[in-house]
Amino acid sequence: MTPPQSSSTAAAHEDGQRYLRNRESITEAQQAMLRRAHVAVVGLGGLGGATVEILARIGVGALTLVDGDRFEATNLNRQLLCTAQTLGLPKAEAAADRISLINPSVRVHCVPRHLEAKNAAEVLGGSHLVMDCLDNLPARFTVQAAARQLDIPMVSAAVAGASGQLTIIEPQDPGLETIYGPAESTPERGAEIRLGVLPYTVIALASLACSEAIKRLLGIGTGLRRKLLLVDLLGNRFDIVEI
Amino acid sequence: MSIRVQIRLYASLRGLEPPSASNHPLPSGTTVGEALAGLKVPGDQVKLVFVNGRKVDLQRVLEDGDRLGVFPPVGGG
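Protein chains in written order, with the working numbering: chain A, 1 to 243; chain B, 1 to 77.
Derived by calculation from the structure, the hints in this document are not laboratory data. Where a beta carbon is used, it is the ideal one built from N, C-alpha and C, also for glycine. One thing to keep in mind: the hints can contain errors.
[Claimed, not checked] BS3-like, lysine-lysine: derived pairs with alpha carbons at most 27 Å apart:
{"id": "1", "chain 1": "A", "residue 1": "K227", "chain 2": "B", "residue 2": "K55"}
{"id": "2", "chain 1": "B", "residue 1": "K55", "chain 2": "B", "residue 2": "K40"}
{"id": "3", "chain 1": "A", "residue 1": "K215", "chain 2": "B", "residue 2": "K55"}
[Claimed, not checked] Here are the in silico distance ranges between beta carbons for each label pair:
{"id": "4", "chain 1": "A", "residue 1": "Q85", "chain 2": "B", "residue 2": "R67", "range": "44 to 50 Å"}
{"id": "5", "chain 1": "A", "residue 1": "P199", "chain 2": "B", "residue 2": "T31", "range": "37 to 43 Å"}
{"id": "6", "chain 1": "B", "residue 1": "P19", "chain 2": "A", "residue 2": "G16", "range": "57 to 63 Å"}
{"id": "7", "chain 1": "B", "residue 1": "A21", "chain 2": "A", "residue 2": "K227", "range": "38 to 44 Å"}
{"id": "8", "chain 1": "B", "residue 1": "T31", "chain 2": "A", "residue 2": "K227", "range": "20 to 26 Å"}
{"id": "9", "chain 1": "A", "residue 1": "K227", "chain 2": "B", "residue 2": "L16", "range": "24 to 30 Å"}
{"id": "10", "chain 1": "A", "residue 1": "E188", "chain 2": "B", "residue 2": "P19", "range": "31 to 37 Å"}
{"id": "11", "chain 1": "A", "residue 1": "E24", "chain 2": "B", "residue 2": "G53", "range": "30 to 36 Å"}
{"id": "12", "chain 1": "B", "residue 1": "Q59", "chain 2": "A", "residue 2": "S100", "range": "53 to 59 Å"}
{"id": "13", "chain 1": "A", "residue 1": "E188", "chain 2": "B", "residue 2": "T31", "range": "28 to 34 Å"}
{"id": "14", "chain 1": "B", "residue 1": "P25", "chain 2": "A", "residue 2": "S185", "range": "30 to 36 Å"}
{"id": "15", "chain 1": "B", "residue 1": "Q59", "chain 2": "A", "residue 2": "N119", "range": "40 to 46 Å"}
{"id": "16", "chain 1": "B", "residue 1": "G53", "chain 2": "A", "residue 2": "L233", "range": "18 to 24 Å"}
[As the list claims (entries may be wrong)] Some chain B residues near chain A, calculated using beta-carbon distances under 7 Å:
{"id": "17", "residue": "S12"}
{"id": "18", "residue": "L48"}
{"id": "19", "residue": "R54"}
Just chain A, with the same shape it has in the complex:
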């Protein structure tokens, strides 16, 4: 009979096993790079909830979690952090709680307020990369401006119905303007007004966004810089266009 393990022994065993299934694709040295990485996730809804789940599980060392909203019933269709237990709770706190359950070694900076131009650089300061997981267009431009000011890349995903788009924007790139037009003439919302947001689309795009982030942090693979991945799950169309 195996003797019961003390909690500290169990934790040590877990630490040794946690990233074993990463190992064939992510070397120990790369895993250490991820552990030293700090990623900000702005928006903790459909895209952000799945992004937090993946980045915490793969072993990103520090996450800044930014969202001023609380969960409501309309979030239940797609937002992994939204459950019967978290309805009414601040999204940032629910995200922090989830991370403590799945990978307590992740250092969490919980920011339960909206990102605004006046606080964006301060909130995102210290991050190596920012994930734009927002649900409205003007706020996406606010994040981009802060990322440029901080000289860090931004991974930007957006979804409407069964369609989505994804890119990575370096600070010196033209960025969101090439997708949406000038910031000052951009509407509050896009086609999601008519199409809603479906869970499989949002989680698929969040997974692809995390792939972009991990590749950028590790300097591996081929990224979507100055390119836009267009996804149409109704027609099974996956196109990459140069922007």
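Here the structure of chain A is known, so what remains is to put chain B in place on it, guided by the hints.
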């Protein structure tokens, strides 16, 4: 003289794709803007237009065999 182009309209524009989208006939010399107006694509939805995988403007003259696509603004999460 006419040309044929492939047309892909995404997301909320999907319903405007003509039945001939895979091989759509247009008069020679048609611009991207004229082609989209002919399909009744709302102007405010035309921010990201691409031909053969590259972003273009509405004045671009289409050529036989081009692949024309429009992705409307999407911002949901």
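Hints versus structure:
no.	hint	verdict
1	K227(A) to K55(B)	holds, 10 Å
2	K55(B) to K40(B)	holds, 20 Å
3	K215(A) to K55(B)	holds, 25 Å
4	Q85(A) to R67(B): 44 to 50 Å	holds, 48 Å
5	P199(A) to T31(B): 37 to 43 Å	holds, 39 Å
6	P19(B) to G16(A): 57 to 63 Å	holds, 60 Å
7	A21(B) to K227(A): 38 to 44 Å	violated, 24 Å
8	T31(B) to K227(A): 20 to 26 Å	holds, 25 Å
9	K227(A) to L16(B): 24 to 30 Å	holds, 25 Å
10	E188(A) to P19(B): 31 to 37 Å	holds, 34 Å
11	E24(A) to G53(B): 30 to 36 Å	holds, 33 Å
12	Q59(B) to S100(A): 53 to 59 Å	holds, 55 Å
13	E188(A) to T31(B): 28 to 34 Å	holds, 30 Å
14	P25(B) to S185(A): 30 to 36 Å	holds, 34 Å
15	Q59(B) to N119(A): 40 to 46 Å	holds, 41 Å
16	G53(B) to L233(A): 18 to 24 Å	holds, 20 Å
17	S12	holds, 4 Å
18	L48	holds, 6 Å
19	R54	holds, 5 Å
Comparing the model with each earlier hint shows a violation of hint 7 alone; every other hint is respected.
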